[in-house]
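Undergrad: Residue-level listing of the chains:
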Amino acid sequence: MEEKIISKENLLKLCSDLLKNNVDVITPGEKGYVKIKNENEVALNSKTKHTKASFKEYIFPKSEPIIYYKKNQNDVEIIEPKVEEKTTVIFGAKPCDIRSINILSKIFNWDYKDEFFNVRANNTVLIGLMCEYADEFCFCTSVNLSPTSVEGSDIFLLPLDENNFAVRIVTEKGTNFLKSYENYLTPGNTEKSKAVEAAVKQPEKVFDAEKVKEWITGNFESEYWNSVGRMCLGCAQCAFVCPVCHCFDIVDEDYNYSEGRRMKNWDGCQFDMFTKHASGHNPRNDQTKRYRQRISHKFKYYPDKFDEILCTGCGRCSRGCPVSIDIKGIVTEINELAKA
Amino acid sequence: MENIYKPYLMEVKEVITETPDTTTFRLQFKDPEVAKSFNFKAGQFGEYSVFGEGECTFCIASSPTRMEFLECSFKKYGKVTSALARLNVGDTIGLRGPYGNHFPIDEMKGKNVVFIAGGIGLAPVRCIIDNVLDLREEFKDINIIYGARSVADLVYKNLLKEWQERKDIKTFVTVDPGGETPDWKGEIGFVPTVVEKIAPKSENTVAIICGPPIMIKYTMPVLSKLGFKDEDVITTLENRMKCGLGKCGRCNIGNVYVCKDGPVFNYKQMKDLPQEF
Amino acid sequence: MNEINTIAKELLTSGKVNAVIGYIRYGNDKRTKPFIAQKPEEADKFVINKFILNNLAVYLTREEITKLGKIGIIAKGCDIKAIVALIQESQIKRDDVYIIGVNCSGVTNDFDIDFNAETVAGKCLNCEVKSPKLFDVTVGTLEDIPQGEDKKLKMIRGVEAMNSEERWDFFEEEFDKCIKCYACRQACPLCYCEQCIVDKSIPRWIESSASKRGNFSWNLIRAFHLSGRCIGCNECERVCPMDIPLSLLNRKMAMVTKDDFNYVSGMDVNAPTLVGSYDLKDNEDFIE
Numbered sequence: 002m003e004e005k006i007i008s009k010e011n012l013l014k015l016c017s018d019l020l021k022n023n024v025d026v027i028t029p030g031e032k033g034y035v036k037i038k039n040e041n042e043v044a045l046n047s048k049t050k051h052t053k054a055s056f057k058e059y060i061f062p063k064s065e066p067i068i069y070y071k072k073n074q075n076d077v078e079i080i081e082p083k084v085e086e087k088t089t090v091i092f093g094a095k096p097c098d099i100r101s102i103n104i105l106s107k108i109f110n111w112d113y114k115d116e117f118f119n120v121r122a123n124n125t126v127l128i129g130l131m132c133e134y135a136d137e138f139c140f141c142t143s144v145n146l147s148p149t150s151v152e153g154s155d156i157f158l159l160p161l162d163e164n165n166f167a168v169r170i171v172t173e174k175g176t177n178f179l180k181s182y183e184n185y186l187t188p189g190n191t192e193k194s195k196a197v198e199a200a201v202k203q204p205e206k207v208f209d210a211e212k213v214k215e216w217i218t219g220n221f222e223s224e225y226w227n228s229v230g231r232m233c234l235g236c237a238q239c240a241f242v243c244p245v246c247h248c249f250d251i252v253d254e255d256y257n258y259s260e261g262r263r264m265k266n267w268d269g270c271q272f273d274m275f276t277k278h279a280s281g282h283n284p285r286n287d288q289t290k291r292y293r294q295r296i297s298h299k300f301k302y303y304p305d306k307f308d309e310i311l312c313t314g315c316g317r318c319s320r321g322c323p324v325s326i327d328i329k330g331i332v333t334e335i336n337e338l339a340k341a
Numbered sequence: 021m022e023n024i025y026k027p028y029l030m031e032v033k034e035v036i037t038e039t040p041d042t043t044t045f046r047l048q049f050k051d052p053e054v055a056k057s058f059n060f061k062a063g064q065f066g067e068y069s070v071f072g073e074g075e076c077t078f079c080i081a082s083s084p085t086r087m088e089f090l091e092c093s094f095k096k097y098g099k100v101t102s103a104l105a106r107l108n109v110g111d112t113i114g115l116r117g118p119y120g121n122h123f124p125i126d127e128m129k130g131k132n133v134v135f136i137a138g139g140i141g142l143a144p145v146r147c148i149i150d151n152v153l154d155l156r157e158e159f160k161d162i163n164i165i166y167g168a169r170s171v172a173d174l175v176y177k178n179l180l181k182e183w184q185e186r187k188d189i190k191t192f193v194t195v196d197p198g199g200e201t202p203d204w205k206g207e208i209g210f211v212p213t214v215v216e217k218i219a220p221k222s223e224n225t226v227a228i229i230c231g232p233p234i235m236i237k238y239t240m241p242v243l244s245k246l247g248f249k250d251e252d253v254i255t256t257l258e259n260r261m262k263c264g265l266g267k268c269g270r271c272n273i274g275n276v277y278v279c280k281d282g283p284v285f286n287y288k289q290m291k292d293l294p295q296e297f
Numbered sequence: 190m191n192e193i194n195t196i197a198k199e200l201l202t203s204g205k206v207n208a209v210i211g212y213i214r215y216g217n218d219k220r221t222k223p224f225i226a227q228k229p230e231e232a233d234k235f236v237i238n239k240f241i242l243n244n245l246a247v248y249l250t251r252e253e254i255t256k257l258g259k260i261g262i263i264a265k266g267c268d269i270k271a272i273v274a275l276i277q278e279s280q281i282k283r284d285d286v287y288i289i290g291v292n293c294s295g296v297t298n299d300f301d302i303d304f305n306a307e308t309v310a311g312k313c314l315n316c317e318v319k320s321p322k323l324f325d326v327t328v329g330t331l332e333d334i335p336q337g338e339d340k341k342l343k344m345i346r347g348v349e350a351m352n353s354e355e356r357w358d359f360f361e362e363e364f365d366k367c368i369k370c371y372a373c374r375q376a377c378p379l380c381y382c383e384q385c386i387v388d389k390s391i392p393r394w395i396e397s398s399a400s401k402r403g404n405f406s407w408n409l410i411r412a413f414h415l416s417g418r419c420i421g422c423n424e425c426e427r428v429c430p431m432d433i434p435l436s437l438l439n440r441k442m443a444m445v446t447k448d449d450f451n452y453v454s455g456m457d458v459n460a461p462t463l464v465g466s467y468d469l470k471d472n473e474d475f476i477e
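Which chain is which? The protein sequence lines are U, W and Z, in order.
Position one of the first sequence corresponds to residue 2 (my numbering), numbered consecutively onward.
Position one of the second sequence corresponds to residue 21 (my numbering), numbered consecutively onward.
Position one of the third sequence corresponds to residue 190 (my numbering), numbered consecutively onward.
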């Protein structure tokens with residue numbers, strides 16, 4: 002993996018160049034991931050707290066049309082929406098956020114390729130930033146990640162000192178992207194960057210994901226699930242702020258009697274309507290069953306199918322939960338049950 | 021940009037009212053190019069849409085050996101099915117598909133087959149029945165056992181007559197006790213009871229079963245007693261599905277996405293799933 | 190063992206209630222989260238502190254909780270207003286709940302900072318129910334609530350001063366952020382409809398999409414359905430992951446109902462609800 006160095010000044014110049022070239026630059030700010038208008042808004046501080054929501058909506062929008070339809074007497078015309086192939090740069094996301102695109106890509110390309118996702122993901126350059134935040138909700142190290150993990154990034158930045166960043170060029174996309182900005186880069190210093198990396202405080206690993214998966218496999222009917230989802234209110238806050246939750250709904254919306262569009266909207270397994278059949282039968286008819294599905298899907302079903310844990314340990318769901326349901330605590334408890 | 025969510029346009033060529041709340045549509049592709057290239061296997065399903073109302077999941081009820089029309093049968097339950105029930109000949113609907121896996125017709129060749137269905141459950145099984153009948157010589161003994169609550173609730177009445185008139189298969193139609201009309205000549209009794217009475221032999225036989233959960237619950241022990249192994253009993257799972265493409269997460273049960281790994285499962289696979297469907 | 194633990198334990202041991210809903214500590218912090226105790230020893234976990242933010246009345250209309258039998262609930266003055274409103278609307282009976290009222294001196298969402306006029310929750314500033322009005326027993330001692338600037342009121346006056354177009358733009362910008370997670374609805378004790386209007390699909394009244402139209406319709410219809418009913422616990426605003434100032438609309442509507450109909454929700458169990466009753470003296474000057 003090639004490594005270079007960039008000064009803070011040049012990084013801002015790079016950003017400014019991107020903005021001048023009409024590239025969307027999205028960075029984590031105080032109000033969440035936002036499109037910046039000025040290069041000084043870009044996130045370069047590795048010590049900031051996570052944003053409330055992930056940047057998922059820029060690649061997998063919260064609501065988007067998949068077809069438009071026009072009715073004319075008995076006939077129907079279908080118009081397909083086009084996803085703009087606009088270059089977008091996600092600038093300064095933590096490893097737990099950046100990794101999400103790889104994880105989501107697996108299901109969005111399982112046999113059928115969802116081009117609404119792919120076109121956006123292919124045109125997005127992911128620039129990660131080392132994380133020095135870590136609070137009691139974080140657990141990236143328990144899900145095979147770390148504050149310095151480059152997995153999922155095209156380019157990864159590590160702050161070497163006040164004014165300089167190490168630039169790890171992880172993918173071919175990253176290499177191609179930086180070709181236009183070669184003059185901003187200077188030769189890398191891997192000794193220094195490795196030292197910085199080693200000094201980052203890693204959150205303590207609190208559970209073994211394999212053991213958790215094993216326990217979930219054999220314990221569908223366990224009493225434990227009754228206590229876990231009890232206080233859950235049944236909103237979808239956790240699913241919607243999560244970088245990797247991806248369940249969606251397909252609904253038709255009319256503009257008038259003859260025209261309309263079919264929308265793909267975020268949906269969540271915690272809603273009671275999620276598995277409700279038209280006949281009225283609901284296989285997951287209480288909150289504890291729905292919460293069991295959330296944990297099982299993230300830590301067993303998705304890993305079994307796609308070899309990825311459907312969780313990056315960012316802790317957003319727990320930080321934002323109205324009733325403080327803490328996923329780290331729950332999975333740690335399962336780990337204890339598994340050991341017993 | 022390829023759009024996996026874009027439906028084919030279908031024209032409703034015929035509307036058949038099976039029972040007061042069940043309808044069958046005979047559909048044709050509006051685009052002749054698509055009609056030529058479209059292919060599917062018995063057991064696969066599609067997402068049928070009424071533009072403006074939404075999409076709904078049904079199996080493709082006709083056999084792939086008869087490609088003049090695609091048929092689907094549905095019962096009026098909610099928003100989309102009610103909208104479908106209001107349509108007439110000449111209207112346009114959408115179809116996305118074919119999705120899912122299919123009945124293992126190749127593994128069934130050379131064996132006896134017994135089809136057991138109840139109520140609207142005959143619709144998902146009818147495609148494989150017709151498919152097997154169109155290739156009759158490749159299978160040994162064929163038994164069809166079908167029941168509904170009453171004579172009025174029987175679906176595909178014309179098909180039942182056709183099957184009963186064939187000499188190379190055995191067809192038994194039953195209604196629940198109390199559901200018969202004065203001139204009813206068929207069996208009277210719940211489906212599990214009739215299966216027990218007919219006692220199809222289990223050696224070298226595949227059983228295909230579909231119907232309301234309660235019918236399956238009581239028929240399975242009967243089949244077990246007759247010697248059927250769980251792997252030889254096949255069913256198709258009606259579940260809440262939305263995208264049909266294995267992405268939206270709605271049909272996920274355990275390690276399985278019903279729209280991709282199913283909807284056809286054998287009974288052993290069904291027993292391994294967490295019981296939440 | 191504190192007063193609250195003794196009371197809760199006694200209620201469970203004596204069988205006066207089948208379960209007690211309250212707050213327990215979690216993590217290393219003074220932070221709290223809701224908890225339901227069914228065994229007497231579980232009552233030891235309850236705490237009362239400055240961080241008991243949740244409105245636990247939201248659980249009183251959930252079947253999973255009510256089927257347990259008579260419920261004891263640890264409730265601040267604002268939470269009790271929700272219980273009163275639920276009784277007014279015949280959703281629960283007074284005898285179904287045992288109210289452990291908390292003498293409350295304000296709560297805060299800021300765990301790391303000192304509790305003072307800057308950090309106290311906005312809703313506490315004009316609290317009239319520090320000392321609970323409806324209860325079976327009370328706990329805690331009253332202290333003064335630090336008084337600070339009512340930022341929300343200032344915001345309301347700011348929006349009132351805008352003209353129609355500016356107001357539309359203001360709300361459009363706010364509602365664009367909405368992701369339709371319905372955390373506001375699920376956390377609200379008065380959003381107890383078995384089938385919410387946004388979930389009705391035959392016909393589709395309110396779009397479920399997080400589009401401009403879907404977001405506007407949803408947030409406005411919720412504000413309308415809460416008019417005259419909202420008791421101002423501000424849970425909706427606290428739980429919104431996108432920081433939409435939801436209490437603006439709800440508080441404004443509460444001000445309107447007070448001015449026009451002299452009605453404040455959640456103060457009197459015996460009072461008829463505003464939208465469920467009429468008075469011949471009701472304001473009619475908008476009819477011409």
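Hints listed in this document are in silico derivations from the structure and should not be mistaken for laboratory results.
All figures in this text were calculated on a predicted structure; none of them were measured in a lab.
Ideal Cβ positions, reconstructed from N, Cα and C, are used throughout, including at glycine.
Incorrect hints may appear among the rest.
If you anchor each label on the Cβ, the simulated ranges turn out as follows [stated by the list, open to error]:
| id | chain 1 | residue 1 | chain 2 | residue 2 | range |
| --- | --- | --- | --- | --- | --- |
| 1 | W | Ala172 | Z | Asp457 | 53 to 59 Å |
| 2 | U | Lys114 | W | Lys50 | 23 to 29 Å |
| 3 | U | Glu31 | W | Tyr97 | 43 to 49 Å |
| 4 | Z | Lys401 | U | Gln74 | 54 to 60 Å |
| 5 | Z | Glu278 | U | Glu205 | 56 to 62 Å |
Undergrad: Does the beta carbon distance between U/Glu31 and W/Tyr97 stay inside 43 to 49 Å, or does it fall outside?
TA: Since the Cβ atoms of U/Glu31 and W/Tyr97 sit about 48 Å apart, the hinted range of 43 to 49 Å holds.
Undergrad: Kindly confirm whether 56 to 62 Å is satisfied by the beta carbon distance between Z/Glu278 and U/Glu205.
TA: Once the Cβ atoms are compared, 49 Å apart, the range 56 to 62 Å for U/Glu205 and Z/Glu278 is violated.
Undergrad: Evaluate the given range 53 to 59 Å for the C-beta pair formed by W/Ala172 and Z/Asp457.
TA: holds, 57 Å
Undergrad: Within 23 to 29 Å: is that where the Cβ-Cβ distance between U/Lys114 and W/Lys50 falls?
TA: For U/Lys114 and W/Lys50 the Cβ distance comes to about 25 Å; the hint holds.
Undergrad: Per the hint of 54 to 60 Å, is the separation of the Cβ atoms of Z/Lys401 and U/Gln74 within bounds?
TA: About 30 Å separates the Cβ atoms of Z/Lys401 and U/Gln74, which means 54 to 60 Å is violated.
Checked against the numbered hints above, the structure violates hints 4 and 5; every other hint is satisfied.
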